[in-house]
Amino acid sequence: MTSINRTSLNRREFFSYLSVAWITFAAAAGGMLSLIFRYLYPNVVFEPPMDFVAGRPEDYDEGVDERWKNVYGVWIYKHEGRLVAMSNICTHLGCVPTWLPAENKFKCPCHGSGYYPNGINFEGPAPRPLERFKVSLNPSGQIIVDKTKVYRYEKGQWGLPGAFISV
Amino acid sequence: MKEFINIVSDPVYSFTGAIILYFLALKNMTFVGSKKFFMILATVVVLFFGWAASDKIFFTIISWPDNIPITILLVLVFWLTWYSFYKGVENDKRIESGEPPIEGTPENREKVWAWPNLVYTELFTIILGTVFLIAWSVLFKAPLEEPANPTWAPNPAKAPWYFLGLQEMLVYFDPWIAGVLLPGLIIVGLIAIPYIDINPKGNGYYTFKERKFAISTFMFGWLVLWVFLIITGTFLRGPNWTFYGPFEFWDPHKVVAANNINISEIFWIKILGMGLPHNVLIREIVGILMVLGYLAVGPFLITKYWGKKLLEKMGPARYYIMVYLILIMMGLPIKMYLRWFINLKYIVFMPEFELNI
Ligand code: FES
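So the protein lines, in turn, are chains A and B. Quick note, the first sequence lines up with residues 0 to 166 if you use numbering that gives the first Met the number 0. Quick note, the second sequence lines up with residues 0 to 356 if you use numbering that gives the first Met the number 0.
Note that these hints are calculated values from the structure, not bench results. Incorrect hints may have been included.
With a straight-line Cα cutoff of 16 Å, these simulated EDC-like cross-link-like pairs (lysine to aspartate or glutamate) come out [unchecked claim]:
1) Lys-1(B) with Glu-209(B)
2) Lys-253(B) with Asp-58(A)
3) Lys-154(A) with Asp-196(B)
4) Lys-154(A) with Glu-98(B)
5) Lys-312(B) with Glu-209(B)
6) Lys-140(B) with Glu-121(B)
7) Lys-208(B) with Glu-98(B)
8) Lys-86(B) with Glu-209(B)
9) Lys-146(A) with Glu-46(A)
Please model the entire structure based on the sequences and the hints provided.
Here it is, written out as C-alpha cells:
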C-alpha cells in the first residue's frame with residue numbers, strides 16, 4: 000500500500016536519480032577536462048623550419064656571424080678554414096646569450112655564463128659548450144643548416160663529418 | 000664613499016658581512032630587540048636612503064617598477080623581524096622574572112567571538128589592501144615588455160622578484176640542483192617543520208631564549224640565504240648578470256674575468272699533472288667522494304660535537320631529517336664561497352648524465 004502523497008523517494012527511485020546525477024556530473028567534468036586539454040595546444044604555432052639555406056661560405060667573414068640568429072636561432076662561425084652553425088641556446092637553462100664583439104665572447108644574460116667565439120664555455124654555470132648543427136653544401140654550393148641533427152662537444156662529435164664544412 | 004660601498008657590496012664581502020652581522024645580532028639579542036636599537040637602525044636607514052637616493056643610478060635602480068615591491072619587501076621584512084624579536088625579548092624578560100609571557104596573562108587569554116572581532120579586522124585589511132593595490136597600479140605602470148621571442152632575451156634577463164633568489168642560486172649550480180632539487184627541498188622542508196619541531200615551547204607566544212636554535216637556523220635560511228640573494232639579484236645584477244655596485248653605472252661592457260674550472264680539472268691536471276681520465280667515474284671520483292663525504296661524515300661530526308642532546312630529545316628519524324636539511328641548506332653558501340675563492344664550477348661534473356653538483 001503506497002500512499003500517493005509520499006514525501007520521500009523509495010530506494011529504486013533514489014538510485015535512478017542518483018545515476019542520472021552522476022552521469023550528468025561525469026559528462027560535465029569530462030567536457031570541462033577536454034576543454035582544458037584542448038587549451039594546452041596553441042592555436043597558432045610559431046616554429047621556423049628546422050632547416051634553411053644560409054647562403055654561400057664566401058658570404059661570411061672570419062668570426063661570428065649573427066644574421067640568422069633572430070630568425071633561426073643560429074650563429075655561423077667561420078674560423079681557420081672551418082664553418083660551423085652554432086645553436087644560440089645557453090646550455091645552462093636555455094636563455095639566449097648575447098654576442099659581445101668587443102669582448103670577443105658570448106655572454107648569457109640570465110646567470111652570466113660566458114662562451115668563447117667557438118662555443119666553448121669558460122665562465123659561469125654553463126655545464127657544456129654550445130651545441131652545433133649539421134651543415135652541408137648543396138649542389139649549387141649553398142650552405143644547408145639542418146637543426147634536427149645536433150653535434151655535442153662533450154660527446155666528441157665536433158670532428159664528425161657534417162659538423163662543419165671546410166672552406 | 001660611494002666607491003667604497005660599490006666595492007663592499009660585492010657578494011664576497013657583503014655576503015660574508017651579512018653572515019657576521021646576523022650572528023652578531025643573535026648574540027646581542029637583548030640589545031637588538033630593544034626600542035633603542037630600532038630607533039638607531041631606522042635613523043641610519045633613513046639617512047642612508049636620503050643620501051643615496053640623490054645619486055642618479057641608485058635612484059633609478061630603486062624606483063624601477065620591477066624593483067619597487069622589493070624595496071617594500073625589504074622594509075617590511077626588517078620591520079617585522081625586529082618586531083617579533085622585540086616581543087620575544089620582552090617575553091624572555093618576563094619569563095626570567097617568573098611572570099607568564101604577555102600572551103599568557105589572564106586578560107590576554109580571554110576568548111572572543113570571531114564575529115565581529117576577527118571579521119572586522121579582516122574586512123579592513125581587505126579594504127586597505129585593495130586601496131593600496133589600486134593606488135599602486137594607478138601610480139606606476141606595469142613593467143610589461145614586448146611579446147616573447149624565442150631567439151632573443153632581454154639583458155639582463157630577470158625572473159620575477161620573488162624568484163630572484165632562485166636565479167641567484169642558479170649562478171652557482173646546475174639547473175637540476177638549483178631549479179628542481181633545492182626549491183623542492185625548500186618546500187618539503189617548510190612543510191616538514193611542524194613534524195620535525197615538536198618542542199611545545201613558544202607555542203602561542205613570542206620568545207627568543209627558549210627557541211634559540213630553531214629561530215636562528217630558520218632565520219639564517221630566510222634572511223641570509225633567501226632575502227639576501229633576492230637583494231643581490233635585484234639591485235646588484237646588471238647586464239650579462241655581471242655584478243654592479245649600487246652606485247655603479249650599468250656598463251654592458253664591464254668585464255669580470257672568471258675562468259671557472261671543475262674539481263676534476265684541478266685534481267687531475269693541476270695537482271697530478273696528467274690529462275683527464277676517460278672514464279667518467281674515475282674522472283669525477285674526487286668530487287663524488289667529497290659530496291658523499293659531506294653527506295656521510297657531516298651528520299656524524301655534527302652529532303658527535305654538538306647534537307647529542309637534540310638527538311635524544313627528537314628521536315633519530317626527526318633528528319637526521321633535520322640534520323640533512325640543514326646540511327643541504329649549508330651547501331649553498333659553501334658552493335658560493337668555492338666559486339668565489341677557487342673559481343670552482345662544479346664539484347661533480349658529469350654532463351654525460353646531465354648531472355653536475
Ligand atoms: S641560462 Fe645561460 S647562464 Fe643560465
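Checked hints:
Pair hint Lys-1(B) plus Glu-209(B) does not hold up; C-alpha atoms about 42 Å apart against a cutoff of 16 Å. A threshold of 16 Å between alpha carbons decides the hint, and for Lys-253(B) with Asp-58(A) the separation of about 32 Å lies outside it, so the pair is violated. In summary, the hint linking Lys-154(A) to Asp-196(B) is not supported, as the alpha carbons are separated by about 48 Å, beyond the 16 Å threshold. At roughly 70 Å between alpha-carbon atoms, Lys-154(A) and Glu-98(B) are farther apart than 16 Å, so this suggested pair is violated.
For the hint pairing Lys-312(B) with Glu-209(B), the CA-to-CA distance comes to about 15 Å; that is within 16 Å, so the pair holds. Among the hinted pairs, Lys-140(B) with Glu-121(B) is inconsistent with the structure: their alpha-carbon atoms are about 29 Å apart, more than 16 Å. With a C-alpha separation of about 15 Å, the suggested pairing of Lys-208(B) with Glu-98(B) holds against the 16 Å cut-off. In summary, the hint linking Lys-86(B) to Glu-209(B) is supported, as the alpha carbons are separated by about 13 Å, within the 16 Å threshold.
The suggested pairing of Lys-146(A) with Glu-46(A) holds, with an alpha-carbon distance near 12 Å, which does not exceed 16 Å.
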